[in-house]
Structure formats: C-alpha cells, structure tokens
Amino acid sequence: MTAAMPPLLAADHICVRLGGQEVLHDVSMRIARAEIVTILGPNGSGKSTLLRALLGIVPVSHGQVTRSAGLRIGYVPQKLQIDRSLPLTARRFLSLPIRHGRAETDAVLARVGVPEVTERPMAGLSGGQLQRVLLARALLTQPDILVLDEPTQGLDQPGEAAFYRLIDEVRRDTGAAVLMVSHDLHVVMSASDRVICLNGHICCEGTPRVVSGAPEYRALFGLGTQGALALYQHVHDHDHTHDHDHGHDHHHGTHGHDDGHTKDGHKTDMGQTGMVQTGEHKTGGHHHHA
Amino acid sequence: MLDDFLVRAALAGIGTALAAGPLGSFVVWRRMAYFGDATSHAAILGVALALATDLPIGLGTLAVALAMAVTVATLAARGWAMDTTLGVLAHSALAFGLVAVSFVPGARVDLEAYLFGDILAVSKADLGFIWGGAALVTALILWRWSALLTATLNEDLAAASGLNPDRERLILTLALALTVAVALKVVGALLIAAMLIIPAATARAVARSPEAMAALAALVGAGAVLGGLQMSLTFDTPAGPSIVAVAAVAFALSAGFGRMRG
Numbered sequence: 001m002t003a004a005m006p007p008l009l010a011a012d013h014i015c016v017r018l019g020g021q022e023v024l025h026d027v028s029m030r031i032a033r034a035e036i037v038t039i040l041g042p043n044g045s046g047k048s049t050l051l052r053a054l055l056g057i058v059p060v061s062h063g064q065v066t067r068s069a070g071l072r073i074g075y076v077p078q079k080l081q082i083d084r085s086l087p088l089t090a091r092r093f094l095s096l097p098i099r100h101g102r103a104e105t106d107a108v109l110a111r112v113g114v115p116e117v118t119e120r121p122m123a124g125l126s127g128g129q130l131q132r133v134l135l136a137r138a139l140l141t142q143p144d145i146l147v148l149d150e151p152t153q154g155l156d157q158p159g160e161a162a163f164y165r166l167i168d169e170v171r172r173d174t175g176a177a178v179l180m181v182s183h184d185l186h187v188v189m190s191a192s193d194r195v196i197c198l199n200g201h202i203c204c205e206g207t208p209r210v211v212s213g214a215p216e217y218r219a220l221f222g223l224g225t226q227g228a229l230a231l232y233q234h235v236h237d238h239d240h241t242h243d244h245d246h247g248h249d250h251h252h253g254t255h256g257h258d259d260g261h262t263k264d265g266h267k268t269d270m271g272q273t274g275m276v277q278t279g280e281h282k283t284g285g286h287h288h289h290a
Numbered sequence: 291m292l293d294d295f296l297v298r299a300a301l302a303g304i305g306t307a308l309a310a311g312p313l314g315s316f317v318v319w320r321r322m323a324y325f326g327d328a329t330s331h332a333a334i335l336g337v338a339l340a341l342a343t344d345l346p347i348g349l350g351t352l353a354v355a356l357a358m359a360v361t362v363a364t365l366a367a368r369g370w371a372m373d374t375t376l377g378v379l380a381h382s383a384l385a386f387g388l389v390a391v392s393f394v395p396g397a398r399v400d401l402e403a404y405l406f407g408d409i410l411a412v413s414k415a416d417l418g419f420i421w422g423g424a425a426l427v428t429a430l431i432l433w434r435w436s437a438l439l440t441a442t443l444n445e446d447l448a449a450a451s452g453l454n455p456d457r458e459r460l461i462l463t464l465a466l467a468l469t470v471a472v473a474l475k476v477v478g479a480l481l482i483a484a485m486l487i488i489p490a491a492t493a494r495a496v497a498r499s500p501e502a503m504a505a506l507a508a509l510v511g512a513g514a515v516l517g518g519l520q521m522s523l524t525f526d527t528p529a530g531p532s533i534v535a536v537a538a539v540a541f542a543l544s545a546g547f548g549r550m551r552g
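Chains as they are written, first to last, in the working numbering: chain F, 1 to 290; chain G, 291 to 552.
Think of the hints as simulated: they come from the structure by calculation, not from any bench. Be aware that a few hints might be false.
Some, not all, of what chain F presents toward chain G, calculated at C-beta under 10 Å [claimed, not checked]: (1) 15; (2) 44; (3) 77; (4) 79; (5) 87; (6) 89; (7) 93; (8) 95; (9) 116; (10) 119; (11) 122; (12) 138; (13) 154; (14) 170.
Computed beta-carbon distance windows for the label pairs [stated by the list, open to error]: (15) F:71 / G:516: 50 to 56 Å; (16) F:124 / G:374: 56 to 62 Å; (17) G:360 / F:169: 44 to 50 Å.
Note that beta-carbon positions come from the ideal geometry of N, C-alpha and C, so glycine has one too.
Could you put the whole structure together from the sequences, leaning on the hints where they help?
So this is what it looks like as structure tokens:
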C-alpha cells in the first residue's frame, strides 16, 4: 500500500554489528508519510538497534539508511534517567537543544495532558508524566515522523492505553508518521498500519491481520516476554464465545502446551521455539480494530 | 596592583573557580568525579615530564592530562568497567608521576607545591596562563552549552536532534584537561577534583536550573578562594587545602539548607 509513496525513512539491506556481534542482518524496511509502523520482537531481537540505526545513532556495517531531505524526527527514547544532581524543570527540558517560547511549551504540555508539570523538576515526575513530557518534546520539533522506543514501559495498563490513544490523536492531527517498537501485541493489533516482526532479521511483515496469521509471528510471540499474557490468551483460546467482549482477542497467541499444528511452508529459522500454532479459525475475522 | 602577591593569588584562584564552576557542574551531572581524579592525578606525571624536558610546566601538564582524559574516554566508549578502570588509572598516574618526579634533580623540594598548589607564589606569567586557560574553558562551555546539556541528559536524544554526543564528550574532555593545567598552581593535583565537584555540589542544593547551578558554582568557588586565602593568612594554613576546606564548609551549610527547605 505504500510502495508508490516516497518513503520518509528507509533501510536497504542493513546489517548492524555491536561489540563484534551481528545484531541486525539484512534488514530492509521503509515508512511513508502518516503511516503507523510497529516493530515487534522479543528481547534482544534488535528492535531498539534498528530504530537507532534508522536515526543514525549507530552506524550500519552494511547496506544503507536513507532519510528524506530535511526530515524532522521526533524521538522518544526507551528510558530517560535524569540524575537528581541536574536541576531541570519540564519547561527547560523542552527547550533542549532548541529554545521554545513559554506559550509554545505550555501549549504542548497541555496537548499531551500534563499541564501541571511545567515547573516541576524532571527527576520527580512519575513514569506516565515523564513519557508524556518526552512526547511533548518530540512534538515541539513538528516532526514528520515520531519514533518511539517502547514508549509505555513502566506504565500501567490504563496509562498505556491512554498513551497510545494520544499517539493516535497526534497522528490524526499532525499527519506525522509513527514508527514504534513494542512488545505489546494489543497495540500492534489495534493501532498499526503495518507490523514488522524482528528477530535479528525481519521474520515477517504486513498488516496486523496478515502478520497475526503468519507462523513466524506466532513463533516470535512464544519467544517474547509475555508469558503471563500468553497464558491469559491460552485461556481465551478455549473460550471463543467471549472473544468479542474483551479487548484481548486481538492477540491470538500460542497454545503454551500445544506444539502441534505446525504450519508448513512458513518455516523460519526460529525452530528452536518449536513453532506452535492455533487453529486457523482464530486468526481471521476478529480484527475489527486493525 | 598585580605586584601584590595576595592580589595575584586571589585573581588566580578566582580565574580557576570561574572555569571550574560550570565545568564542575557537568562533572557532577555526568558522574565524572573519578574521571576528574584520574585526569588531575596525571598532572603530576606531566610535571615530571616538563621538568625533565625543560618544557613549561603548564604545557607538560596539559599534554599528559589530555592524554589521560582521552585514554579514559576511549576506554569508556569501549565499555570497560569504568569504576575499576578509573581507580587503576587515577592512582597509577599519581604513583608513576611521583616516581618520575623523584628522578628530576631539585624537583623533590617543590613536590608539595605540585600536589597541593602554590597559589601564593603565582607570577604574572602564571596569571596570564591561568586566565587564558580559564577564558578558553568558559568560552568552550558557553559555546556548546545547549548541546552539552542535551548530550548529558541523553546521548540518543542528542543524536536524534542532530548533535554528535561523541564530539560533545570530547569538548568536555578537552575542557577538563585545560582546567587541570590551569588549577595545578592554585590547588595542586590532589585537590583539583575538589574544586570541580564541591562548588557544583554546593550550588545544587539551591539551584533551580542548570544555568543557575553553573553560575552559582563559579561564585561559590570564587568565594571559597577568597575565604581560603583569608584563612591561610590568618591561621598560617596552607592556601590550597584552606580553599577546599572553605568550599567543603559551604557545601555542608548548603546541604543543610537544602534539606531544611525540602
């Protein structure tokens, strides 16, 4: 769907080595204007590294990253640890490195829903407030693309949902593309135009609906950190009559106990997980948010 | 006026403090205290080198401090365990420096001056070197202020804003080596790190913004210089340690004040 548009940001067959180890191998991707693309993968799969390579923070050892001319990037890092020895109010933080006026910083903090933190020290903000201030700083550059690295880490579920709603609003208001890393399948299924499953290389990609049906995705899901969620879904998998009443039905996961039904023809090199798959009837039809 | 040794001492100390305040704030924010130690201890090795080769002390100190700072920065970038590495480097630099100085004839006598400073013996030429170096450090930091601050906050964030965190780190490293060379005559190799950290830490308890903290740190340092010199005159105590002692008392007071205020 995006092939015709010139990409804002593209990677062509890039490899990235960190500390002598190849973290990313032959990754190609592109993101076009106003798209929401999510990179999904287990811990250590190179998600953050891919973002950092796209932003030019880490060098690529092979291949090429292309950013469209004059591209304005709003970056929200995975974590921001602010040393208590640094006295920095949220307002001052927003003016780093480019100064913004009072009215502008006030407006953007109101926009992200935390007008009350303006004069508060950054080190004293809660996780949710900090994420919103980080988003506010990214928005101040009037970005063509927002790049978010697991932006809801450390938020509780309502906080997480609210944060993604905010991002969706921002996309609608500004037309900015969104590239984010997530391990959160719920978000992937409901908010993304495209999903890229990563595990050192791209395992599969496509619309959330297509990807959720791919065995590679299922294998990744089994590998991920969502043990509790998988267990939860395992219950759901046996309870189809309520699927539509819950917000969780989007991430049809794997049967933890069931390594049968492995689909042929989609074999990837993730075989160590024992590829598992649920019946076909669960992958189609439920993704009304996608 | 500059013919008065006390005026020269005060000016030398104030010049050092003005550069050390803002730079020291970065040392505190970036948790580079031990880094400052390693760099300043290397100064003794620089002294030995300068004495052995008849180079100006300032130049020898600057060269070796810079070499040490770059070494440390490179090792840090390669992911060495910094606490241990810095501990090893800081004390080895000092030990090798002291051993090297002992080979230089006549230098043993002056050793105390290099370790603890000799601010009361600052010459007009020293003063020129100190203010020149201090002005350069201050100019560097003012010029890169916003970029340095952003890179201090988060290197990825800085890189995504189009800055180069490596370059900013290099600028701080350079400023640190310069400050070490400048401060050697004032407080000596052992106490340079104190002049970086204590005024900045004192300012922290009161400051509400990074700019205020840096400016206040410079003021606290200058005040400590004047207080320390006064103390040295009154009680005939060594000047360099007296300056640091006054700064430390200021820190204790400000920490108490900060706690009271919450």
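A quick look at each hint next to the structure:
{"no.": "1", "hint": "15", "result": "violated (20 Å)"}
{"no.": "2", "hint": "44", "result": "violated (17 Å)"}
{"no.": "3", "hint": "77", "result": "holds (5 Å)"}
{"no.": "4", "hint": "79", "result": "holds (9 Å)"}
{"no.": "5", "hint": "87", "result": "holds (5 Å)"}
{"no.": "6", "hint": "89", "result": "holds (7 Å)"}
{"no.": "7", "hint": "93", "result": "holds (8 Å)"}
{"no.": "8", "hint": "95", "result": "holds (8 Å)"}
{"no.": "9", "hint": "116", "result": "violated (17 Å)"}
{"no.": "10", "hint": "119", "result": "holds (9 Å)"}
{"no.": "11", "hint": "122", "result": "holds (9 Å)"}
{"no.": "12", "hint": "138", "result": "holds (9 Å)"}
{"no.": "13", "hint": "154", "result": "violated (16 Å)"}
{"no.": "14", "hint": "170", "result": "violated (17 Å)"}
{"no.": "15", "hint": "F:71 / G:516: 50 to 56 Å", "result": "holds (53 Å)"}
{"no.": "16", "hint": "F:124 / G:374: 56 to 62 Å", "result": "violated (32 Å)"}
{"no.": "17", "hint": "G:360 / F:169: 44 to 50 Å", "result": "holds (48 Å)"}
Violated hints for the displayed structure, listed by number in ascending order: 1, 2, 9, 13, 14, 16.
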